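Student: One letter stands for each residue in the lines below.
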Amino acid sequence: MSTMNAQLPGVFYRRPTPDHAPFVEVGGKVEPGQTIALIEVMKTYNEVKADRSGTVSRILLDDGDEVEAGQGIVEVDEV
Amino acid sequence: MNEVLVRSGGLYTTVQDAGRDGYYAIGMPPSGAMDRYSFVAANMLVGNPDSAAALEATYLGPELEFTDPRTVAVTGARARVTVNGDPVPQWTSLRVAPGDVLGFGALSAGARPYVAVSGGIDVPEYLNSRSTYKLTGIGGFEGRALAEGDRLPLGGLQAPPRDGLSVPEEFLPEFPEVVQLRLVVGLCSYRLTERSLESFLETTWKVTKDADRIGYRLRGGTIEFVEREQPFGAGSDPANVVDLGYPIGSVQIPGGNEPIILLNDAVTGGGYATVGTVVSADRDRVAQTGTGGHVRFTPVDVDTAVQARLDRETRLSKLRAVLGR
Amino acid sequence: MAETQVRLPEARYEFGGDEFVFVELDREMSLHANFKAMAITGALREENIAGIVDICPSNASYLVRLDPERLHPNDLVTELRRLEHSAGDLDEDLVINTRIVDVPVLFDDPWTRETLLRFRENHQDPNVTDLEYAARINGFSEVGELIEAIGSAPFIVTMLGFVPGLPFCYQMVPRSRQIEVPKYVRPRTDTPERAFGYGGAFAVVYPVRGAGGYQLFGIAPAPVFDNSRSLPDFHDRIAFPRPSDILRYRPIDRNEYDRLRSEVEASTFRYRIRDVEFSPTAFLKDPDAVNRDLLKELYR
Numbered sequence: 001m002s003t004m005n006a007q008l009p010g011v012f013y014r015r016p017t018p019d020h021a022p023f024v025e026v027g028g029k030v031e032p033g034q035t036i037a038l039i040e041v042m043k044t045y046n047e048v049k050a051d052r053s054g055t056v057s058r059i060l061l062d063d064g065d066e067v068e069a070g071q072g073i074v075e076v077d078e079v
Numbered sequence: 080m081n082e083v084l085v086r087s088g089g090l091y092t093t094v095q096d097a098g099r100d101g102y103y104a105i106g107m108p109p110s111g112a113m114d115r116y117s118f119v120a121a122n123m124l125v126g127n128p129d130s131a132a133a134l135e136a137t138y139l140g141p142e143l144e145f146t147d148p149r150t151v152a153v154t155g156a157r158a159r160v161t162v163n164g165d166p167v168p169q170w171t172s173l174r175v176a177p178g179d180v181l182g183f184g185a186l187s188a189g190a191r192p193y194v195a196v197s198g199g200i201d202v203p204e205y206l207n208s209r210s211t212y213k214l215t216g217i218g219g220f221e222g223r224a225l226a227e228g229d230r231l232p233l234g235g236l237q238a239p240p241r242d243g244l245s246v247p248e249e250f251l252p253e254f255p256e257v258v259q260l261r262l263v264v265g266l267c268s269y270r271l272t273e274r275s276l277e278s279f280l281e282t283t284w285k286v287t288k289d290a291d292r293i294g295y296r297l298r299g300g301t302i303e304f305v306e307r308e309q310p311f312g313a314g315s316d317p318a319n320v321v322d323l324g325y326p327i328g329s330v331q332i333p334g335g336n337e338p339i340i341l342l343n344d345a346v347t348g349g350g351y352a353t354v355g356t357v358v359s360a361d362r363d364r365v366a367q368t369g370t371g372g373h374v375r376f377t378p379v380d381v382d383t384a385v386q387a388r389l390d391r392e393t394r395l396s397k398l399r400a401v402l403g404r
Numbered sequence: 405m406a407e408t409q410v411r412l413p414e415a416r417y418e419f420g421g422d423e424f425v426f427v428e429l430d431r432e433m434s435l436h437a438n439f440k441a442m443a444i445t446g447a448l449r450e451e452n453i454a455g456i457v458d459i460c461p462s463n464a465s466y467l468v469r470l471d472p473e474r475l476h477p478n479d480l481v482t483e484l485r486r487l488e489h490s491a492g493d494l495d496e497d498l499v500i501n502t503r504i505v506d507v508p509v510l511f512d513d514p515w516t517r518e519t520l521l522r523f524r525e526n527h528q529d530p531n532v533t534d535l536e537y538a539a540r541i542n543g544f545s546e547v548g549e550l551i552e553a554i555g556s557a558p559f560i561v562t563m564l565g566f567v568p569g570l571p572f573c574y575q576m577v578p579r580s581r582q583i584e585v586p587k588y589v590r591p592r593t594d595t596p597e598r599a600f601g602y603g604g605a606f607a608v609v610y611p612v613r614g615a616g617g618y619q620l621f622g623i624a625p626a627p628v629f630d631n632s633r634s635l636p637d638f639h640d641r642i643a644f645p646r647p648s649d650i651l652r653y654r655p656i657d658r659n660e661y662d663r664l665r666s667e668v669e670a671s672t673f674r675y676r677i678r679d680v681e682f683s684p685t686a687f688l689k690d691p692d693a694v695n696r697d698l699l700k701e702l703y704r
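Those sequence lines, one after another, are chains A, B and C.
Take 1 as the starting number for the first sequence in our numbering and just add one per residue.
Take 80 as the starting number for the second sequence in our numbering and just add one per residue.
Take 405 as the starting number for the third sequence in our numbering and just add one per residue.
Hint data in this document are derived by calculation from the structure and do not stem from the laboratory.
Predicted, not measured: the structure shown is a model, and the values here were computed from it.
Among these hints, one or two may not hold up.
Derived lysine-lysine pairs resembling DSBU-like cross-links, with alpha carbons at most 30 Å apart [to be verified]:
#, chain 1, residue 1, chain 2, residue 2
1, C, Lys700, C, Lys689
2, B, Lys285, B, Lys213
3, A, Lys29, A, Lys49
4, B, Lys397, B, Lys285
5, B, Lys213, A, Lys49
6, B, Lys213, A, Lys43
7, B, Lys397, A, Lys43
8, A, Lys49, B, Lys288
9, B, Lys288, A, Lys43
10, A, Lys49, B, Lys285
Looking at chain A on its own, in the form it has when it is part of the complex:
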């Protein structure tokens, strides 16, 4: 298991807009380069991309949570 961290501080979002499904769910697979969340800072929404492949085992933040640079956002079981 390993943790993917935020590269930016800001506000965390799991979905592209409130009406959409989350980018990833627990149990879902991710591939490098896949968007897994958004971080809003300085009036822009920045895509957080997976840097490894694996299965999401835990999502550490909720929509609207404040996040710091370097903070863990999802845990994955690596393939």
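Since the structure of chain A is provided, determine the placement of chains B and C on it from the hints.
Tutor: For chains B and C alone, coordinates are given in the frame of chain A:
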């Protein structure tokens, strides 16, 4: 070729120099590097004049490919910096060759890295400055933040290279958990109740996501305005005054709960009561405090404010002597 | 008018950190306070003091930006206090050399209307337009009367700022005839470029598209700010308005608006401008007579 290729712009990287003075009266802020100390130190390391244009990044640094031999230096925020993927030290002059790629990993402290390149970033001057002012799209590289594919012109005149020149430990900035900002209380501070002013100064404020070169919005407490009948022309909100000029570094509290510190790309005036001004030397510290960071205000008088600025310039002079630049 | 009888309070000198000195001449807006700010900052400009970076007159106050390594803020305050007494007393013979300018405005236009309808929930009265709201709270029976009142007397530029080139304009009428409106309850995130807005007792033309909190009444065909300096009036200056400019906001119809827009796009548009001598004391004694003469000169 005298240019550097932008392979990635990072989050928000702009060309900045010492700023565009003399246009505040028409409503144009000076812009310029927010952390002057780190900006000047970077220029010293690569042998540029103090005010040569450099790059100011925010949170995520850019990726830059060089096309000719240059000296570069990265100062400011603490970051993982690489050349061709290998870690390199910050606050140190580095020689790069054509094809070399300067890259950034995540920051571990601070918010804004500075990248100086020998010869300086040679974008055209606009009103005597190369600083980017994004609101009206002027200065810098096409008046905007850098993006993938941009080709930044570099100056042809380079100082003789001095590889491995390094800023000594005692000249490096600190990144405390709670950043102390010296504040000259005043302007329209009469609008605050005495207790509110005290609580404003005792509060540890958190920097929100709305924190950019225009200003920083803070959260962490509430303050109350003195009740009054609003003067003619001021507008009806208790935070309103007759529109007036805003000093750079001034703090206003619209709504009474979210103080805003105005910075280098500030709006130059408006109708909110300002209650004090962060001393100019401490804008360097604001620049290195990002979203999620904490600040506190320490009241000082104007003599202390001026002395703080002189102290920073003395420190830069000493650094210049140490570096032999 | 009442303002001639009122003495301004003692000026308040405040330090804006080490780089700024802020001087408040009055807490409330009046032409008297603005004339005084203009007189003192004009005299200060002529002194050419080393270390002064920017001199910014602003409504009922002014702001000076300085280089504290060359000029200590305390020394500047000493000088400003001296100027307050030598230049700030508005002598009978004080004359301001300024310009009167015709500024066409299309009121109740489709663009600001579209914008204001998008932001109804930010407004005091979501059920009416900004013009309808402003007419009602200022005692006009219909929007046409409000527009007529705006066009009937010129405005004076009492401050530039917020964003580059934005003129804060105060109508040159006694306080009893001033139009006053609140700003939006919550600011809009969008305003069209060249929108004509009103907030507090000030009219503005927005130089660039962006956020804003003033009531939206119309749109000007001609810009107040031009980065590219392509229009003749902008060749030597990116912002058109200057402090103390006298602007007459002239209501126009859609045909004239379209004609002027094509002139702007062809870079041939020029503002109608007349140089005038303006006496603040004569104005404060008989504003209507002075305004009549100013408008006569403008359209001569």
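Student: For every hint, state whether the structure bears it out.
Tutor: Each hint, compared with the structure:
1. C:Lys700 <-> C:Lys689: 19 Å, holds
2. B:Lys285 <-> B:Lys213: Roughly 26 Å between the alpha carbons, so the hint for Lys285 (chain B) and Lys213 (chain B) holds.
3. A:Lys29 <-> A:Lys49: With a Cα-Cα distance of about 13 Å, the restraint between Lys29 (chain A) and Lys49 (chain A) holds, given a limit of 30 Å.
4. B:Lys397 <-> B:Lys285: 34 Å, violated
5. B:Lys213 <-> A:Lys49: 27 Å, holds
6. B:Lys213 <-> A:Lys43: Given that 30 Å is the threshold and the Cα spacing comes to 13 Å, the pair holds.
7. B:Lys397 <-> A:Lys43: 39 Å, violated
8. A:Lys49 <-> B:Lys288: Holds, at about 20 Å.
9. B:Lys288 <-> A:Lys43: 8 Å, holds
10. A:Lys49 <-> B:Lys285: 27 Å, holds
Violated hints for the displayed structure, listed by number in ascending order: 4, 7.
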